[in-house]
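Those sequence lines, one after another, are chains A and B. Sequential numbering from 1302 applies to the first sequence in the numbering used here. Sequential numbering from 21 applies to the second sequence in the numbering used here.
Everything labelled a hint here was simulated from the structure, so no lab data went into it. Relax, there's no trap hidden among the hints.
If you want the footprint, here are the derived chain A segments under chain B, 3+ residues with CB under 8 Å: (1) 1306 to 1318; (2) 1352 to 1363.
Think about it this way: if two alpha-carbon atoms lie no more than 30 Å apart in a straight line, the pair counts; the simulated DSSO-like pairs of lysine-lysine are: (3) B:LYS76 x B:LYS39; (4) A:LYS1314 x B:LYS155; (5) A:LYS1339 x B:LYS150; (6) A:LYS1312 x A:LYS1339; (7) A:LYS1339 x B:LYS155; (8) A:LYS1339 x A:LYS1314; (9) B:LYS76 x B:LYS150; (10) B:LYS155 x B:LYS76; (11) A:LYS1369 x A:LYS1339; (12) B:LYS155 x A:LYS1369; (13) A:LYS1312 x B:LYS76; (14) A:LYS1312 x B:LYS150; (15) A:LYS1312 x A:LYS1369; (16) A:LYS1314 x B:LYS150; (17) B:LYS33 x B:LYS76; (18) B:LYS155 x A:LYS1312; (19) A:LYS1314 x B:LYS76; (20) B:LYS76 x A:LYS1369; (21) A:LYS1314 x A:LYS1369.
In this text, all values refer to a predicted model and were calculated from it rather than measured experimentally. Just so it is clear, CB atoms sit at the ideal spot from N, CA and C, and this is done for glycine as well.
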Amino acid sequence: MTRLLYFAWVKEKTGIASEELDLPEAVSTVTELIAWLKTRGPEFANAFEQDRAIRTAIDQTHVRGDAKIFGAREIAFFPPVTGG
Amino acid sequence: MIRVQTHDFDIGKEIEALKQGRTDIGAIVTFTGTVRDADGTVTAMTLEHYPGMTEKELERIEAQAHTRWPLQASLVVHRTGRLTAGDNIVLVITASAHREAAFEAARFLMDYLKTSAPFWKRESGPSGDKWVEAKRQDDAASMRWREG
Chain A
1302 MTRLLYFAWV
1312 KEKTGIASEE
1322 LDLPEAVSTV
1332 TELIAWLKTR
1342 GPEFANAFEQ
1352 DRAIRTAIDQ
1362 THVRGDAKIF
1372 GAREIAFFPP
1382 VTGG
Chain B
21 MIRVQTHDFD
31 IGKEIEALKQ
41 GRTDIGAIVT
51 FTGTVRDADG
61 TVTAMTLEHY
71 PGMTEKELER
81 IEAQAHTRWP
91 LQASLVVHRT
101 GRLTAGDNIV
111 LVITASAHRE
121 AAFEAARFLM
131 DYLKTSAPFW
141 KRESGPSGDK
151 WVEAKRQDDA
161 ASMRWREG
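Work the whole structure out from these sequences, hints included.
If you want it as structure tokens, here you go:
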């Protein structure tokens, strides 16, 4: 099981803050995971529509789209950060 | 040291705590970021963050600053939750023997924090709520330290 987390407008669009999922074995990178998430329903299709504007962290470390998700316990999706 | 908290901070007290018991500090720089309402469109701001990763990122950034400059001490405090116009958001303090390191490290900490620490601002005003968009110049400010 992998824990998926959503923050800020990604969370608002998916309608959930977090979930535990068994990810399909064919999904191996962040980009592939986002493509798969889009197929999960209209909320997810909408949340990930602007996929280039979405940032990802695996186990609380920033990663790029080509990062492998194998072994990840926690994957988070969020907009570019705006703190400070 | 880094802290993420909902309550306000007292800059004077934080400086005193940082200096306590030491005489090797010659320069202290502080930066405070506050909720801005430049044109009457922002009455409040809600800061969301990613508990766990936020602390990890702030610690990573602070450790980098200590690797690059001879700092005696540093502090990063970032608030979360609902804040109103004029409220404090973020505090960075850097202490060094000389001013150059303290000035540069404070700027580095803010530039990196703005592009990598997982915080998101949502502004509320008379015309409703909206998520603040990331600025390109913040990315440029952060990249500058990579080139140098």
